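First to last, the sequence lines map onto chains A and B.
Everything in the first sequence is counted per this note's numbering, starting at 2 for the first residue and increasing by one.
Everything in the second sequence is counted per this note's numbering, starting at 19 for the first residue and increasing by one.
In case anyone wonders, no lab produced these hints; they're calculated from the structure.
No experiment lies behind these values; they were computed from the predicted model shown.
Don't take every hint at face value.
[Claimed, not checked] Derived DEER-like restraints, expressed as beta-carbon distance ranges:
1) B:Met178 with A:Met96: 41 to 51 Å
2) B:Ile78 with A:Met96: 24 to 34 Å
3) B:Pro137 with A:Ile93: 39 to 49 Å
4) A:Ile93 with B:Lys131: 38 to 48 Å
Glycine included, C-beta positions come from ideal geometry on N, C-alpha and C.
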Amino acid sequence: MVPLNHLLIIGTIIFLIGILGVLIRRNVIIILMSIELILNGVNIILVSFSYYLNSIKGHIFVLFIITVAVAEAALCFGLIVAFMRNKDTFDIDQMNIMKG
Amino acid sequence: MSLYSGFIYFFGILSIFLGIMVITRKNAIHSAVYLIFCILSIAGLFFLLQAEFIAGIQIIVYAGGIMVIYVFTILLIKLEVVKGLKRRWEIKLITAIVFSALSGEILYLLLRKREALLPEEYGIAKGTVQAVGSYLLRDYLIPFEVVSLLLLVAMIGAIMLSRKKV
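I would like the entire structure built from these sequences, with the hints used as guidance.
In C-alpha cells, the structure reads:
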C-alpha cells in the first residue's frame, strides 16, 4: 500500500508548482491556470486524508472547492475581457491603473 | 509493489510533470491543453483513492466546463505572447526567497520521520454518489444552499462585467 506521506507530498508539490507559476509568470491567463493547480493540490490532500481516515467528509469540501473554482473562473474571465477592451495587453505588470 | 500502488505513483508523477509543463509554456493555449491532461490524471488519482463521485465531477466540471471557459477566452481575445521572464532583479530575488522558504518549510515538515495515527484498516469508506449525496443533503445542507447562492452571485457578476457599458 502507498503510505499517506507520499500522497501528501504529491499534493504539496502540485500546490508549490501553482505558487511558483503565480510568482514567475506575467501572462494573466497562465496565472489563473496556476490558481487552478493550487486548488487541485489541496483537493488531492483532502481526498487522501479522507481515504486514510475512513471518512468521506473531505469529499464534501472538495465539492465546495470545485464550486468556488468555477465561480472564480467565470468572474475572472469577465474581468479580463472588460480589461482587454480598455487596455490591449495580457501583461500583469501593465495592470497598474489603481496605483496611487 | 502492487499494481495499485504502481498506478498511484504513475498518476502522481504524471500530474506533477504536466503541472510543470503548464507553468513553463510560452503559448497560453499549450498551457491550457497541458492543464486539461493534468486535471485528468488527478481525476485518475481520485478514482484510485475511492472517490468515484469526486473523480466524475472533476472530469465533467473541470475538464469539461472550466477548461472550455479558458479556451474560449483565449480564442476570444487577441492572443499575444508575453515575452520571457523579464523582470527587475529585486522582484526575482524576493520571489526566489519567498518560494524557497515556503517550499523548504512544507517539505521539511512532510519528510520528517513521524508515525501517523491512522486506523488499522483504511480505504473502507467509498465516496459513491449515494454516500456523498446523503452527507451533502443531511449534514451539510446549509453550506450547500450557501454555495448555490455563491453561484448565483457569480453568474450575475459575470453578466454585469461583460456588458458593453460597465
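Hint-by-hint comparison with the structure:
no., hint, result
1, B:Met178 with A:Met96: 41 to 51 Å, "violated, 20 Å"
2, B:Ile78 with A:Met96: 24 to 34 Å, "holds, 33 Å"
3, B:Pro137 with A:Ile93: 39 to 49 Å, "holds, 46 Å"
4, A:Ile93 with B:Lys131: 38 to 48 Å, "holds, 41 Å"
The structure fails hint 1 only (numbered hints given earlier).
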